[in-house]
Structures are given as C-alpha cells and as structure tokens.
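S.K.: Sequence:
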Amino acid sequence: MRLNAEDMRFERDRYKASAAAFQDKLAAALNENGRLRDLREVLATLSIETSAALAERENERARLIAALDESEMRLAMMQQENERLQSELIDSRDKAEVMRQKYIEMTINIIKEANSGDVDSSDGHASN
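Mapping to our numbering: the sequence shown position 104 is 104, numbers consecutive.
Treat the hints as calculated values from the structure; they're not laboratory data.
This one's a predicted model, so the numbers in the text were calculated from it and none came from an experiment.
Note that CB positions come from ideal geometry on N, CA and C, so glycine has one too.
Hints should not be assumed to be uniformly reliable.
Stated by the list, open to error - Derived Cβ-Cβ restraints for the label pairs, each shown as a range: (1) 94 to 63: 42 to 48 angstroms; (2) 80 to 100: 40 to 46 angstroms; (3) 85 to 109: 33 to 39 angstroms; (4) 29 to 63: 49 to 55 angstroms; (5) 83 to 109: 46 to 52 angstroms; (6) 90 to 64: 57 to 63 angstroms; (7) 56 to 29: 39 to 45 angstroms; (8) 90 to 56: 27 to 33 angstroms; (9) 83 to 48: 36 to 42 angstroms; (10) 8 to 48: 34 to 40 angstroms.
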C-alpha cells in the first residue's frame, strides 16, 4: 500500500506542477491578451486620428484648389482688362496722331491764308 500512497503523492505533485505550469501559461496568455487589447485600442485611436487628419487634409486641399481657381479666374479677368486697356491706348494714340496731323494741316492752311492775305498783288509789298 505504501507504493500506492507514494504513487498518489507522485501523481499529486505531477498534477500540481502541471497545474502551476498551466497557470503560468494562462497568466502569460492573459497578459498577452491585455497587451493585444491595448494595441487594438491604440490602433483604433490612430485610425480615428488618421481619418480626421486625412479629412482635414482633403478640406485644405479643396480650399487651396478653390483659391487657385479663384486666382486663375482673377488673372484671366485682369488679362482681359489689360488687353482692353492696351487696345484703348492704341486707339487713343491713333486718334491723337490723326488730331496732330489735322492740327498741322490746319496750322499750315492758316499760315498759307495769312501769308496770301498779307501780300498785295499790285506792288508786292505786305499790307498793314
């Protein structure tokens, strides 16, 4: 019977050792599970922050595109205004040149008339 009791102690010690090893493995698994849960929470937080940053970036991109479109539109309008002003300037120069030529012609005609009226045809002297 002594063998039986000794066998039972051996089996009990073996089960205790097995239970202790199982408890160690269970504790390690629970710790790992806790770390994984923490990592999932960190990843979820990062995902939310990344999504928010991406949305903010897209909003900024859309704002910049709108500002660029507005700037391009203003530039096109300014170019049209510049072309219009250049055309007006050319027209004004042409009109000024025509008026200058007419003024010269009028001045020449006035001088001719004045010169022709000052000379007396009978004696060839200027009359007063």
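S.K.: Look at each hint and say if it fits the structure.
M.R.: Against the structure, the hints:
1. 94 to 63: 42 to 48 angstroms: Since the Cβ atoms of residue 94 and residue 63 sit about 46 angstroms apart, the hinted range of 42 to 48 angstroms holds.
2. 80 to 100: 40 to 46 angstroms: With a Cβ separation near 30 angstroms, residue 80 and residue 100 fall outside 40 to 46 angstroms, so the hint is violated.
3. 85 to 109: 33 to 39 angstroms: Distance hint for residue 85, residue 109 holds at roughly 36 angstroms.
4. 29 to 63: 49 to 55 angstroms: Because 50 angstroms falls inside the window, the suggested range holds.
5. 83 to 109: 46 to 52 angstroms: violated (39 angstroms)
6. 90 to 64: 57 to 63 angstroms: The hint (57 to 63 angstroms, Cβ to Cβ) is violated, given that residue 90 and residue 64 are roughly 38 angstroms apart.
7. 56 to 29: 39 to 45 angstroms: holds (40 angstroms)
8. 90 to 56: 27 to 33 angstroms: Since the Cβ atoms of residue 90 and residue 56 sit about 51 angstroms apart, the hinted range of 27 to 33 angstroms is violated.
9. 83 to 48: 36 to 42 angstroms: Once the Cβ atoms are compared, 52 angstroms apart, the range 36 to 42 angstroms for residue 48 and residue 83 is violated.
10. 8 to 48: 34 to 40 angstroms: Violated - the Cβ-Cβ distance for residue 8 and residue 48, about 58 angstroms, lies outside 34 to 40 angstroms.
In terms of the numbered hints stated before, the structure departs from hints 2, 5, 6, 8, 9, 10, listed from lowest to highest.
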